[in-house]
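Top to bottom, those sequences are chains A and B. 1 is the number of the first residue of the first sequence in our numbering; add one for each residue after it. 1 is the number of the first residue of the second sequence in our numbering; add one for each residue after it.
These are computed hints drawn from the structure, not numbers from a lab. It cannot be assumed that every hint is accurate.
[As the list claims (entries may be wrong)] Result set (DSS-like, lysine-lysine): computed pairs, CA atoms no more than 25 Å apart in a straight line:
#, chain 1, residue 1, chain 2, residue 2
1, A, Lys145, B, Lys363
2, A, Lys145, B, Lys185
3, B, Lys208, A, Lys145
4, B, Lys291, A, Lys145
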Amino acid sequence: MRNRKNAFWVALAAPGIIWLAVLFVVPVYAVLSIALGKLNQLYEAPVAVWNPLSWSSSNVINVWRDLFGSASFAGPVVVRTIVYVAVASLLSLVIGYPVAYFVARFAGRRKGLLLVLLIAPFWISYMMRMLAWIDLLSTGGYVNKALGWLGISPVNWLGGSSVTVVLGLVYGYIPYLILVLYAGLDRIDPALIEAGRDLGLGRARTFIHVTLPLSRQAILTGLLITVLPMLGDYFTNQMLSGAASTSMIGNLIQGQLGTPGLEAQGAVLSLLLLLVLLVPMVYYVIATNREATR
Amino acid sequence: MHPREGWQGHGMPRRSFLKGSVTAAALAALAGCASDLTGSGSVPLPRPDNPVTWPVFTGNGPVKSGLAPERDATLQIYTWVAYINQACVNAFAKKYKCKVQVTTFNTMDEAMSKLRSGLSYDLLIGATVDVLGQLIEGQLIQPLNHSYLPNIDQAWSDFTNPFYDQQWQYTVPYTIYTTGISWRKDLVHENPYTMANPWAMPWQPKYKGRVAILDDYREGISLGLMKNGLYDLNTTDYRQIGLARQSLQELVGLVNLRIDNNDYTEVPTGDTWIHTAWSGDMAAAASYMPKGVPVDVVGYWFPADGRGPVANDTNVILKSATNPVLAHQFLNYMLDLPNVLENISFNGYMQPMTGVTPQVLIKEQILPPSLISTVVTPAYFRRGIGELQLPVDADALWQQAWLVVSNGI
Numbered sequence: 001m002r003n004r005k006n007a008f009w010v011a012l013a014a015p016g017i018i019w020l021a022v023l024f025v026v027p028v029y030a031v032l033s034i035a036l037g038k039l040n041q042l043y044e045a046p047v048a049v050w051n052p053l054s055w056s057s058s059n060v061i062n063v064w065r066d067l068f069g070s071a072s073f074a075g076p077v078v079v080r081t082i083v084y085v086a087v088a089s090l091l092s093l094v095i096g097y098p099v100a101y102f103v104a105r106f107a108g109r110r111k112g113l114l115l116v117l118l119i120a121p122f123w124i125s126y127m128m129r130m131l132a133w134i135d136l137l138s139t140g141g142y143v144n145k146a147l148g149w150l151g152i153s154p155v156n157w158l159g160g161s162s163v164t165v166v167l168g169l170v171y172g173y174i175p176y177l178i179l180v181l182y183a184g185l186d187r188i189d190p191a192l193i194e195a196g197r198d199l200g201l202g203r204a205r206t207f208i209h210v211t212l213p214l215s216r217q218a219i220l221t222g223l224l225i226t227v228l229p230m231l232g233d234y235f236t237n238q239m240l241s242g243a244a245s246t247s248m249i250g251n252l253i254q255g256q257l258g259t260p261g262l263e264a265q266g267a268v269l270s271l272l273l274l275l276v277l278l279v280p281m282v283y284y285v286i287a288t289n290r291e292a293t294r
Numbered sequence: 001m002h003p004r005e006g007w008q009g010h011g012m013p014r015r016s017f018l019k020g021s022v023t024a025a026a027l028a029a030l031a032g033c034a035s036d037l038t039g040s041g042s043v044p045l046p047r048p049d050n051p052v053t054w055p056v057f058t059g060n061g062p063v064k065s066g067l068a069p070e071r072d073a074t075l076q077i078y079t080w081v082a083y084i085n086q087a088c089v090n091a092f093a094k095k096y097k098c099k100v101q102v103t104t105f106n107t108m109d110e111a112m113s114k115l116r117s118g119l120s121y122d123l124l125i126g127a128t129v130d131v132l133g134q135l136i137e138g139q140l141i142q143p144l145n146h147s148y149l150p151n152i153d154q155a156w157s158d159f160t161n162p163f164y165d166q167q168w169q170y171t172v173p174y175t176i177y178t179t180g181i182s183w184r185k186d187l188v189h190e191n192p193y194t195m196a197n198p199w200a201m202p203w204q205p206k207y208k209g210r211v212a213i214l215d216d217y218r219e220g221i222s223l224g225l226m227k228n229g230l231y232d233l234n235t236t237d238y239r240q241i242g243l244a245r246q247s248l249q250e251l252v253g254l255v256n257l258r259i260d261n262n263d264y265t266e267v268p269t270g271d272t273w274i275h276t277a278w279s280g281d282m283a284a285a286a287s288y289m290p291k292g293v294p295v296d297v298v299g300y301w302f303p304a305d306g307r308g309p310v311a312n313d314t315n316v317i318l319k320s321a322t323n324p325v326l327a328h329q330f331l332n333y334m335l336d337l338p339n340v341l342e343n344i345s346f347n348g349y350m351q352p353m354t355g356v357t358p359q360v361l362i363k364e365q366i367l368p369p370s371l372i373s374t375v376v377t378p379a380y381f382r383r384g385i386g387e388l389q390l391p392v393d394a395d396a397l398w399q400q401a402w403l404v405v406s407n408g409i
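My request is simple: use the sequences and hints to build the entire structure.
Right, here's the structure in full:
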């Protein structure tokens, strides 16, 4: 009887397991087979080696040298990526938290409308939104025209500026952060905040000692949801800068994947990025479990 | 390489290259461990002084002469994005009472991957010369039957015996283009035509944030070579490649270099003032000018002596073609002057036909007189320098140098 019960629960998990196997495990194994595979000399194309016993480590060694060797060249790109993502995440949090807080606590009847407005950017494709920014930020675009009305000379936003790239990342991913923060803040029991006030805390101290700790999990989740795609992003940079000096790890991988003969190294770098991204994911899972057991 | 994206010489002392420069992972990957390599690496490398006659393999001969075109057929064309005028395609379909399906790709690498994977089309329009060896040796394309292609007479005579395909066994010419420098005459004070070394034009810090080069490893490194007075654009010399890389790295810092293929929009709009550019892109500049700005402010420079990068694309019939006769007819159709002009009016890229002259292009209002320098003449083609297929290990050096430059390292 017990075995039948177990089989029932396993069967329920089957669609999810199949989904994971087909759309995650198999593709990752394919990337691994290319990363540790061979090179066809005629086509300068990678040849996937499916048998682990025949895998070669030469691509991994080469990428490792690029990253950490005595003549490492990819190191600065990694550092630049981390700095851009850190600044963009922090900015997103600073901008997004008050917005989410306002919607969750003070929007009242307009909450629905504001949520719709927050989700609205998702209705337009990311590429279209970035193309729109190119028009807005171009030399004769509306942003520079507006600055002109204020007596400020035009800014070359698209001339390979780190600021533009970071702001582009913030713009692209902030809605995800706000939605997660909103969900977290909306769930906070108002009675707890009132209790803080009743116990003599001012608005600021209530926020610091009650609201902020209670929204810690939402902040963590929101940051995770934005940081992970930002780290692999190459499109924002490509569209809004295109400068070599703002290149991120995603651009490096994209460059390798698009270059005959270097695809396998691009695959290795992708897998390394995946491994690095697992660290915050694991931390998130641990933190969530800890929170749940409290 | 290409506007729509992107000999076994002196032995390369690999260690010296690595020591004197940044690492060369690609080199190690490609030339490192022999057991990591598969397939043949001995494809001939065509050069003007080393023309190649490709083999015709058993079981992959040309289609027989005198056959009627396939009936109720759908001709499958595989080509670059925005590289063929749909009006030409529609007119062909109407004339030959068939359907034509156009599928596009973004890079030659992507196209090669898909063709190797077994995707089946009739025609590959815009095959670059550097992949011909792969297409032929890999038996992905079939030899042509010249009896179906009488309009080859309208092409420059060079293309009935090109060095990359002697006796035009597999290819007919498609577009032809030069790589030069485009600039905004109203915003940049220098005129490349009066400069001692116009290839050094981008190296001017006063234009910081306004300089861009093409996003293509061959074009990029070639610029670095030419800036240093080196005109072997197929060099396998690690020192020359290293020098080009250093110059480009210097350029990155000097002008906050941007790397993209938007020459045709950025220069007209004034977002970029100096951009290495493909002639065909700049020929279409008039379509991208902002309101009230005349096209005359856009300049395109290519050395008057023709000593610069010149390339041409080819059209080929795939081995997997199910409509080979119709495919020949399409190739022939696209070699007919009125259709050629119609096509150029769409994509800006010239085709090497005797009837396509600067005068005709201006008269037909396909090209503004101020951009006449974008026209490729037979003299340019004959004196120009092709960026041709490299040996695998040298190619790795070029790619690695470019990777370093394009990531601002």
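Quick rundown of the hints versus the structure:
The hinted pair formed by A:Lys145 and B:Lys363 fails the criterion: a straight-line CA distance of about 38 Å is larger than 25 Å. As the CA atoms of A:Lys145 and B:Lys185 are separated by approximately 23 Å, the hinted pair is consistent with the 25 Å bound. Note on B:Lys208 and A:Lys145: the hinted pairing holds, with a Cα-Cα distance of about 21 Å set against a maximum of 25 Å. In summary, the hint linking B:Lys291 to A:Lys145 is supported, as the alpha carbons are separated by about 15 Å, within the 25 Å threshold.
In terms of the numbered hints stated before, the structure departs from hint 1 and from no other.
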